[in-house]
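S.K.: Model the full structure from these sequences, guided by the hints.
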Amino acid sequence: MNRFLQSINARELIRPLGQMVVFSLGSAIVLSSIVLTLALGLDQTAVGLALQDKYNVSLYTYTLVNLPQVVIDGLTIGFVYAAIALGYTMVYGVLEFINFAHSEIFAVGAFVGVEILIALDHSGLLRSASLGMSYVLLTFAIISGMVAAGALAVTVERVAYRPLRGASRLVPLISAIGVSFLLQDLIRLVEGLTTGDFNRIFPSFGNFDQRLNFGKLALGETTINLGISIKSIIVIVAAMLMLMGLNYLVNATRIGKAIRAVAQDRPTASLMGINVNRIISITFLVGGLLGGAAGVLYALKFTRIDPFVGFFPGLKAFAAAVLGGIGNLTGALLGGIVLGMLETFAGSYMGVFTMGAAGSEYKDIFAFSILILVLIFRPQGLMGENVGQKA
Amino acid sequence: MFKHMSKVFSLFVAASMTVTACGLASAADSKAIKVATQSPLSGDQSVVGVDMKRGAELALEQLGKPLADMGFKVELAPFDDQANPDTGVANAKRIVSDPAILAIMGHYNSGVQIPSSEVYHTSGLANVSPANTNPKVTTRGYMEINRIVGRDDVQGVVGADFALGLGAKTVFVLHDKTAYGQGIAEFFKKRADEIGMKVLGFEGTEEKANFDALLSPILAGNPDLVYFGGMYSQAAVLFKQARERGYAGTFLSDDGFDSSDASKIAGQTLIDGGGSYYSTVSGPASVYAGTAKFIADFKAKYNSDPQPFAAQGYDSMAIILKAIENAAKAADGAVPTRAAVAQAVRELKNFPGITGTFTFNQIGDPTVAKYFVLKVNSADPAKWSKNSIVKTLDIAPPQQ
Chain A
0 MNRFLQSINA
10 RELIRPLGQM
20 VVFSLGSAIV
30 LSSIVLTLAL
40 GLDQTAVGLA
50 LQDKYNVSLY
60 TYTLVNLPQV
70 VIDGLTIGFV
80 YAAIALGYTM
90 VYGVLEFINF
100 AHSEIFAVGA
110 FVGVEILIAL
120 DHSGLLRSAS
130 LGMSYVLLTF
140 AIISGMVAAG
150 ALAVTVERVA
160 YRPLRGASRL
170 VPLISAIGVS
180 FLLQDLIRLV
190 EGLTTGDFNR
200 IFPSFGNFDQ
210 RLNFGKLALG
220 ETTINLGISI
230 KSIIVIVAAM
240 LMLMGLNYLV
250 NATRIGKAIR
260 AVAQDRPTAS
270 LMGINVNRII
280 SITFLVGGLL
290 GGAAGVLYAL
300 KFTRIDPFVG
310 FFPGLKAFAA
320 AVLGGIGNLT
330 GALLGGIVLG
340 MLETFAGSYM
350 GVFTMGAAGS
360 EYKDIFAFSI
370 LILVLIFRPQ
380 GLMGENVGQK
390 A
Chain B
0 MFKHMSKVFS
10 LFVAASMTVT
20 ACGLASAADS
30 KAIKVATQSP
40 LSGDQSVVGV
50 DMKRGAELAL
60 EQLGKPLADM
70 GFKVELAPFD
80 DQANPDTGVA
90 NAKRIVSDPA
100 ILAIMGHYNS
110 GVQIPSSEVY
120 HTSGLANVSP
130 ANTNPKVTTR
140 GYMEINRIVG
150 RDDVQGVVGA
160 DFALGLGAKT
170 VFVLHDKTAY
180 GQGIAEFFKK
190 RADEIGMKVL
200 GFEGTEEKAN
210 FDALLSPILA
220 GNPDLVYFGG
230 MYSQAAVLFK
240 QARERGYAGT
250 FLSDDGFDSS
260 DASKIAGQTL
270 IDGGGSYYST
280 VSGPASVYAG
290 TAKFIADFKA
300 KYNSDPQPFA
310 AQGYDSMAII
320 LKAIENAAKA
330 ADGAVPTRAA
340 VAQAVRELKN
350 FPGITGTFTF
360 NQIGDPTVAK
370 YFVLKVNSAD
380 PAKWSKNSIV
390 KTLDIAPPQQ
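Residue numbers (numbering that gives the first Met the number 0), protein chains in the order written: chain A, 0 to 390; chain B, 0 to 399.
Note that these hints are calculated values from the structure, not bench results. C-beta: ideal position from N, C-alpha, C; glycine also. Please note that a few of the clues may not be correct.
Unchecked claim - FRET-style restraints, in silico, Cβ to Cβ:
id: 1; chain 1: B; residue 1: N360; chain 2: A; residue 2: L192; range: 41 to 47 angstroms
id: 2; chain 1: A; residue 1: L192; chain 2: B; residue 2: Q398; range: 44 to 50 angstroms
id: 3; chain 1: B; residue 1: D192; chain 2: A; residue 2: L169; range: 54 to 60 angstroms
id: 4; chain 1: B; residue 1: G140; chain 2: A; residue 2: F180; range: 37 to 43 angstroms
id: 5; chain 1: A; residue 1: L24; chain 2: B; residue 2: K298; range: 58 to 64 angstroms
M.R.: And the structure:
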């Protein structure tokens, strides 16, 4: 037992946890101070007065009181983006190619998990499940989603990418886009077979829809509840566990060492006796597992999924991976959190700061403008200098 | 990517349909005629769209006899518009290029009907709409385009007046950025301003899943009522998330909310707090005097309760069949022209349908339309048709 404990590299478990906390707090503090400064500056202008008229509260108070909830929402979606972004970045690190089919692998994970829960719901098992049992069933759905998505990712690599490995870099990229389209319509076909309705609703069970309330904050004449829903906690905790597991796998195990070796120099790694094809398959498997779990968590958090559900989260996660520095695991984590935060901050405050002229419908424009700006000044991404540590 | 895919997909479907269409046309005799339908048969809104088509199917089955006696062989040609304007227009082009098609019953979404009907208009094809409520459907003044339901410039006002009647002083207005949703939300907002309600915000969103950011300003304002102009697939998810974040007020939506899938998505959250209401131009089938037989027949044939607008689908088809019959009689039993059919639809006087008696005015609106406000009573989707009617109004369309 002691020897087993010694063999666990505790540092590699604590380091990613620390990074997550630092990234979350850091981006929260930076963005909060930006909006608070903005709010202070705009308080006495027409913007502040318009708000005073509507809500009977100063812009600064409004911004401050809403902050905790915005940060919580931003973190939740940020961790989902991070879990998907890791799939992109792992594959890029090893093969230097962008697996555009990853968004559909995410969607397949979501559908498998939700279909299992729907089947359980029809059998009456969900309704009668105790609290503990409902967590077991949720875990089962997540693991099924992971397994399906992981298997699919490995299959896609074997069928659509491996035969093209020697070709120019654009060829597997086009193949990936093709696979992405193919999978989208396959999901649509399979899910629409029975009724023509290809969307699925995450059944409600357990206590996931409930909310932990931390208290009320006064805002003008009303109060707003500050709290976090159980499902948001599940999403954040599950994502953190997965990210820690991945970090441990890559940095502290023999397989991880092999993955890093293949990423650095494929021919040499193969000369050292590493089975390159196997390692690449494992890379896809790990990316698929993470993507599948993220899919089920996404469905849990947002209730409704359709065959195109992967497209936007996939695109944003890809952007997050680029923002953090593609090929860099820590960067993907940072990029995901920052993008989720940016998007939620923009969506929550833009309407008020622009007096309703540009509401939360434009949150993506804002978030992606920031992304473009960052990349103009740091083309290698936020964590780009650590290229030596890529996947 | 979604748009491109559906384009490719619809081309494929359309191509395969032409193949079948050609095959049928050559095999059938000269008195074969077709009536097309367009509604979403797949995707989010297929729950309503499929039943709309079934309503038309049932009408053809039950009311096709006079035409059959005259020697016509009438066929239904259902098309799937996927609630997508691009697909609707592509289908419309296929429809007008098939000479056997004399009329079209169609569209669930105004945003699809408006561009598609431009195509019908250019080839003089009669269109009877069972569900499209945007004013522009008829205000363009096209001879061929008619509807049997009310309009959003009235429905929005009905909604706002109802909200005031509930005692709402502050309201947050949201919409889905489609011609239909944004249209009705604007009419609601205009009326709300007029009657002295405070509109805390007016926002459109195409988001389907993550409403967190949108909800922050709503919860901060804590309005008495949240209004959503759009379809149930978005509205129900939004309402659920708002309730879960502690919003305790009332939800109000429009006839796009009228589907049992709304309570499948949002369940108990629609009942909690101030509850949920929706205005509609199509009451539950059971409120109309003539629909008892329709409901029984529908259940017998399809083994489920009709969704909203199924009875309107039936009536639209009935109107089309009657018009073809009249036009054929005027042509001494020959196959009538499209222009004659369009003329005959407009000329019908006091046509007895199951959801009302229809006469079209000079732009194709029914001379009187019914408007309802309903309250969601149960979290169980199977009990959607038992939602209670809290208000019924008969209003003539605005004169323009």
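S.K.: For each hint, tell me whether it holds in the structure or not.
M.R.: Consistency of the hints with the structure:
1. B:N360 to A:L192: 41 to 47 angstroms: 44 angstroms, holds
2. A:L192 to B:Q398: 44 to 50 angstroms: 49 angstroms, holds
3. B:D192 to A:L169: 54 to 60 angstroms: 55 angstroms, holds
4. B:G140 to A:F180: 37 to 43 angstroms: 42 angstroms, holds
5. A:L24 to B:K298: 58 to 64 angstroms: 59 angstroms, holds
In summary, this structure violates none of the numbered hints.
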